[in-house]
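**Student:** If you want the building blocks of each chain, they are given just below.
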Amino acid sequence: MRIAQEERAAYLAAGRSAMEAGPSWLKLGRHEALESFFRAGFPGREEAWKYTSLTALEKRRLHSPAPGAEFLPDSLPAGHLLTYGNGYALSRSTSLPEGMLGRLDVALAHTTLPAAARFGTLAGRESALVALDTALWREGVVLHVPAQWRVDEPIFIVRTIDEDGAMVHERSLIVLEPGARATVVELCNGRGDYWRNAATEIFVGARAHLSYVKLVEDGAAAIHTGALFARQEQDSRLDVLSLALGGQLTRQDIALDLAGAGAGATLNGCFLAGGRSHVDHHTRIEHTAAHTQSREAFRGIAAGRGRGVFDGLIVVRPGAQKADARQSSRNLLLSPLAEIDAKPQLEIYADDVKCSHGATVGRLDESQVFYLRSRGIGDVQARAMLTHAFALEACAAIAPGTLRDWLTQRLDGALDRLVEEGRK
Amino acid sequence: MGKSENVGIGDLMQEEYRWGFVTDVEQERVPKGLSEDVVRLISAKKGEPEWLLEWRLAAYRHWRTLSEPHWAKVHHPPIDYQGIHYYAAPKKKAGPSKLADVDPEILATYEKLGIPLKEQEMLAGVAVDAVFDSVSVATTYKEKLASLGIVFCAFSEAVREHPELVRQYLGSVVPHTDNFFASLNAAVFSDGTFVYVPKGVRCPMELSTYFRINANDTGQFERTLIIADEGSQVSYLEGCSAPRRDENQLHAAVVELVALQDAVIKYSTVQNWYPGDKEGRGGIYNFVTKRGDCRGARSRISWTQVETGSAITWKYPSCLLRGDDAVGEFYSVAVTRGRQQADTGTKMIHIGKNTRSTVVSKGISAGEGSNAYRGLVKVLAGADNARNYTQCDSLLMGSRCAAHTFPYLEVKNDSAQVEHEATTGKIGDDQLFYLQSRGLSAEDAVNMIVNGFCKEVFKELPMEFAVEAQKLLAVSLEGAVG
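So the sequence lines, in the order shown, correspond to chains E and Y.
First residue of the first sequence? That's 0 in numbering that gives the first Met the number 0, and the numbers climb one at a time after it.
First residue of the second sequence? That's 0 in numbering that gives the first Met the number 0, and the numbers climb one at a time after it.
Don't read these hints as lab results, they were simulated from the structure.
This one's a predicted model, so the numbers in the text were calculated from it and none came from an experiment.
Listed below are the simulated DSBU-like cross-link pairs for lysine-lysine, each with C-alpha atoms no more than 35 Å apart in a straight line:
1) K352(Y) - K72(Y)
2) K346(Y) - K198(Y)
3) K72(Y) - K321(E)
4) K454(Y) - K353(E)
5) K321(E) - K277(Y)
Using the sequences provided together with the hints, build the complete structure.
**Tutor:** Right, dumping it as structure tokens:
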């Protein structure tokens, strides 16, 4: 639905300061993107939004907030750290040069930087929400790892929003040149009834390896719409983990393109939907080149009146022979009013391929509970153990170490609260 | 009106589509196009009561407010709904009441299709209600069934003889407002089959209808209604084939099944409509709405389909599991080759407690065929202990074919257990090598592997159908692997 004339002014006012900065090509792109958002409006009746409604968002009065405060979670592991408050860069603690890890708007002002040419080539204007993000993002993050560089410690980008009614559009651009390696964790947290709209573009060069984690710990009243686009070159590797542990309404769109022969990807996720919250993951993995491999595993747990949605599509393009894709979506329902909707899909246009998917929705296996109880473990504890084990499978794609331990802790903490709620 | 123009028995195309002949029978048609007048005319020709005409008109009026759905993964040029004859019937001579009175040309047609009515009458076991274009021409075994209280007749006859049953159940599973093609069917349906099995009766033979599209430019809109009363059982077979034509023909049928308490309905289809030629010219558009309603406790509906024909198939035989402990099943083999497109699957709606459903779908794509499984498993909040198992496998032959899987799982009850799994792949070179090393030709090896792939579905078919289905599959895939 188109955005009404009187509402357009509000968006223009909210975005004015962001849209008037930067080089002219960027400003032009912002204005075009805003126009295309106005024409398309918020997604509504289309198939991709069958299970998720943004009407709550359309009703909210939103504004552009002032810079907020930094909020770091407990026992954050050592690594490079960038913090953002309400979309504004706050602090930077890293040994990496500014040109490698820093603000995206600064990088784009120097178009000679190699990363700049990639900006906007994956996250364009196809989706209205991404178009709005393209129009209104400010400051942003860029990571550019030159060829053969290894960034050993994880890079944390902590994005906090702490203002009611705030509308924050975030943008990240991650480029790994051939042979480079890096691990990135984007952490989203905050409090209040804000709207976070994010877009991330990832380019993984030939033989490069990126681990990317999106950890969502938004406040209980927050709406989060995120889009991630990645393109992989020959023999590259990308591991994506999406952990959705908070927020009122979370929607993540993840699209991976295995464009180079021999590229491999894992896409894992775990989402917890408790209370009245709603978590929706839409994933799309395209096998464009031959000999590409993908592994996707999502674990969903819904309790209370929570609703979880998984929509995963695997596409094998013509000519992508020897593609090998596996997808699994397993979901647990912890209470009678919770709901899970799963839609695992395959679209295949080549013949010499191996593709499979599986999806399950149900309760814990009573025979497993019985086994643990027969070993002297109480019912409550047995169920908690099985639920934890179920969720933790998603983290398996992250290399063992302090980062995985820390992510497991975050997941465990959120899960304890959910299981507690499911028991009530 | 008049004779159909092209007479082409035995000429050129026999090999490609063996059932592509045209029977030269005098036809009675209404003019092309659709309007309230045409609906009234069809109703008047069939001498229908007022309530049925009103129902048709309501459907027509509703249809006019709808637009053609485009969500299925199929592509075709726009359909001109005003360019279709909505009614065609062989001209009546005196009204054949016995097999002997039936036009010999029509009987000869069936013989070519391999269902000689006379033989079947003797061979016992199968009663045939043959639908030729739109009017049922011969019904056998009626007396024997009648002695058990089973009604098995043409739809139009049921409207005359059993109006109270038809009125009670017509549209109760697929309402006239259901979807674009179902509404169209409700407005213009010409004939079909009606089955009623009374309480506690187990139908002693397989009931069967052979549908056949014959006249040029006529859509066929038949309607099947099967009611199994409490504790009864019935198995119904449906087979289809159509002569070759260059223009696409629309086939929009509706099938409604009602299973009351403890009743069992088994519905089997072998669909072999004309698929079009190698370039994708011609062929049937098979846009069908099939739905079964497990209305009573412990009722059971089982769909089995083998889809080898049609240019486009758009079909989702579904089960509404309303009664507690009801069971729904769907077994399907769909083959696409040449430029055929299929978008088919099922819906299992779990409403009652302890309901169970099983879905097994096997898709085979060869040449430039496109095959999609689209299915919904929905567990409503009250469906405690619902259980579903779904398996869909695709077999790919040739680098230009396509196979898709679009399952939807919607679960609103935490005691439900829903499982879906799907695989896609091609026939392994090692499998072919093994069979060939045992002396099988490449073609036989492929046939054997394909038959094994489909075995789970074929074993659900009644004997005669299983044999026919295997033959059809072999013919369909001839030359697909080289």
